[in-house]
Amino acid sequence: MSGSETSPTELLLAWGRGDAAALDQLMPMVHDELRRLARRYMAQERPDHTLQPTALVNEAYLRLIEVHQVDWQNRGHFFAMAARVMRRILVDAARAHGSAKRGDGFQKVALDPALEPAAPGGLEFDALDEALHRLESLHPRQSQVVELRFFGGLTLDETADVLHVSRDTIKRDWQFAKLWLLRELGDRAG
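Heads up: the sequence shown begins at 1 in the numbering used here, then just goes up one per residue.
Simulated from the structure, these hints should not be mistaken for laboratory data. C-beta: ideal position from N, C-alpha, C; glycine also. Do not take every clue at face value.
[Claimed, not checked] Simulated DEER-style distance windows between Cβ atoms: (1) HIS31 x GLU136: 27 to 33 Å; (2) ALA20 x SER166: 34 to 40 Å; (3) THR169 x MET29: 14 to 20 Å; (4) GLU33 x GLU136: 37 to 43 Å.
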């Protein structure tokens with residue numbers, strides 16, 4: 001199978017059947033799109049974040065090669081999985097940063113809460129991740145829509161294709177999920 005004659009979808013299907021070489025051929029074909037996705041994620045992170053987009057793509061690649069026997073459907077499905085992996089990496093990094101910031105086991109000295117630095121945009125990544133997990137347990141498809149649209153950068157049509165539903169269904173799910181998350185995150189904050 002020559003990489004120049006093989007489509008990304010064919011490579012995804014081969015990788016899903018256990019052909020590890022297919023992933024090596026696929027990655028150069030999707031690298032630019034993964035970097036765009038990583039840049040989008042990193043733009044929402046704190047300015048002093050130690051991870052850069054290229055490092056996020058590389059870490060996602062390392063985690064993706066550990067995935068075995070996935071029944072890949074298409075390009076959108078792959079990018080949804082890559083988005084989920086990148087989100088997990090950033091959640092893990094945020095938790096590690098929070099642990100280090102709190103002294104990582106050292107005794108904390110009480111300060112005036114007004115002096116504590118706020119998370120970028122007033123939203124903690126952990127809170128968003130927890131809300132997404134709650135959404136997933138209650139409304140799995142709407143959670144997938146958030147992951148594909150917001151984190152994966154897919155269009156309404158691409159999301160509809162991945163989830164095998166109509167574009168109008170995706171529009172309704174997207175609206176519902178945004179309102180649900182706003183309410184959840186607002187309840188948590190206040």
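To see whether the hints hold, each was checked on the structure:
| no. | hint | in the structure |
| --- | --- | --- |
| 1 | HIS31 x GLU136: 27 to 33 Å | 29 Å, holds |
| 2 | ALA20 x SER166: 34 to 40 Å | 36 Å, holds |
| 3 | THR169 x MET29: 14 to 20 Å | 30 Å, violated |
| 4 | GLU33 x GLU136: 37 to 43 Å | 24 Å, violated |
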